[in-house]
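Engineer: Numbering (our numbering), first residue to last: 1 to 214.
Hints listed in this document are in silico derivations from the structure and should not be mistaken for laboratory results.
Keep in mind the model is a prediction, meaning the values are calculated, not measured.
All C-beta atoms, glycine included, are put in the ideal place defined by N, C-alpha and C.
Certain hints may be false.
Restraint ranges, calculated between C-beta atoms of paired labels, are given here [to be verified]:
(1) Val50 <-> Phe195: 44 to 50 Å
(2) Ala31 <-> Pro62: 34 to 40 Å
(3) Ser182 <-> Lys115: 39 to 45 Å
(4) Glu153 <-> Asn121: 28 to 34 Å
(5) Lys72 <-> Pro102: 36 to 42 Å
(6) Glu135 <-> Gln17: 30 to 36 Å
(7) Pro102 <-> Arg157: 17 to 23 Å
(8) Tyr152 <-> Lys95: 28 to 34 Å
(9) Arg14 <-> Lys115: 20 to 26 Å
(10) Val204 <-> Glu135: 55 to 61 Å
(11) Lys95 <-> Pro133: 24 to 30 Å
(12) Tyr152 <-> Glu181: 15 to 21 Å
(13) Lys92 <-> Asn165: 34 to 40 Å
(14) Asp73 <-> Thr160: 20 to 26 Å
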Amino acid sequence: ACQKAPECSAFLGRVRQIPFTGWSEEEMRSAETSILQFHETFVVYAYPQVMEGVNYIRNWDPKYLHELVDLKDRVVLDVGAGTGRLAFAAAKVAKRVYASEPCDQLREYMRDRIKAEGLSNMKVLDGEVLSLPFEDDTFDAVLSGHVVGDFYEEEIREITRITKNDGWLVICNGDDEFRRESPDEELTSRGFSWFSHETVEGGVVYNYRKQIKK
Numbered sequence: 001a002c003q004k005a006p007e008c009s010a011f012l013g014r015v016r017q018i019p020f021t022g023w024s025e026e027e028m029r030s031a032e033t034s035i036l037q038f039h040e041t042f043v044v045y046a047y048p049q050v051m052e053g054v055n056y057i058r059n060w061d062p063k064y065l066h067e068l069v070d071l072k073d074r075v076v077l078d079v080g081a082g083t084g085r086l087a088f089a090a091a092k093v094a095k096r097v098y099a100s101e102p103c104d105q106l107r108e109y110m111r112d113r114i115k116a117e118g119l120s121n122m123k124v125l126d127g128e129v130l131s132l133p134f135e136d137d138t139f140d141a142v143l144s145g146h147v148v149g150d151f152y153e154e155e156i157r158e159i160t161r162i163t164k165n166d167g168w169l170v171i172c173n174g175d176d177e178f179r180r181e182s183p184d185e186e187l188t189s190r191g192f193s194w195f196s197h198e199t200v201e202g203g204v205v206y207n208y209r210k211q212i213k214k
């Protein structure tokens, strides 16, 4: 694992140091379940058709995106597009949509769907949030969902770089069962406005937007 994913070496080293001796079978099973639940989102990335069935995509209504920002005739980027939840919703009204996604299987999934739906205003390409292959001031709106959060300062700086003056940064999350009690302070402290709604499964989701001034 360390050879195939060197960036995981430090984490795996810490795991090896955990004293597992003396744990009951029930305790081991509980730990295993917790880890799998924590990484559920990442596991389904290997199977796009499975990912489409995950509740935060299955239950999501595109109206939540369109209530945040007017994308009509705009040039839009969806960062970390996944299976294209935001990108395909945007393509209904936008002039041009780019879907940036680092996972090749998800890119191919979106390309197949673009072809099946006969879309001419959407393009899929490689790229991740800390290093996007676009020039400064390219987009009217940059969308993301479940992407910003590991390195707030660096991630927001990069998506701001490629957004035009008076353009929009939009974080529109999927609908799951988790009841969040408050908006993300890291985002609100950086000037993002927030909006919340209750999901069909009783969760509470917060979405965010920020207009860029350069």
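Engineer: So, for every hint listed, does it hold in this structure?
Structural biologist: Against the structure, the hints come out as follows:
no.: 1; hint: Val50 <-> Phe195: 44 to 50 Å; verdict: violated, 29 Å
no.: 2; hint: Ala31 <-> Pro62: 34 to 40 Å; verdict: holds, 38 Å
no.: 3; hint: Ser182 <-> Lys115: 39 to 45 Å; verdict: holds, 42 Å
no.: 4; hint: Glu153 <-> Asn121: 28 to 34 Å; verdict: holds, 33 Å
no.: 5; hint: Lys72 <-> Pro102: 36 to 42 Å; verdict: violated, 29 Å
no.: 6; hint: Glu135 <-> Gln17: 30 to 36 Å; verdict: violated, 45 Å
no.: 7; hint: Pro102 <-> Arg157: 17 to 23 Å; verdict: holds, 19 Å
no.: 8; hint: Tyr152 <-> Lys95: 28 to 34 Å; verdict: holds, 30 Å
no.: 9; hint: Arg14 <-> Lys115: 20 to 26 Å; verdict: violated, 44 Å
no.: 10; hint: Val204 <-> Glu135: 55 to 61 Å; verdict: violated, 38 Å
no.: 11; hint: Lys95 <-> Pro133: 24 to 30 Å; verdict: violated, 20 Å
no.: 12; hint: Tyr152 <-> Glu181: 15 to 21 Å; verdict: holds, 20 Å
no.: 13; hint: Lys92 <-> Asn165: 34 to 40 Å; verdict: violated, 26 Å
no.: 14; hint: Asp73 <-> Thr160: 20 to 26 Å; verdict: holds, 22 Å
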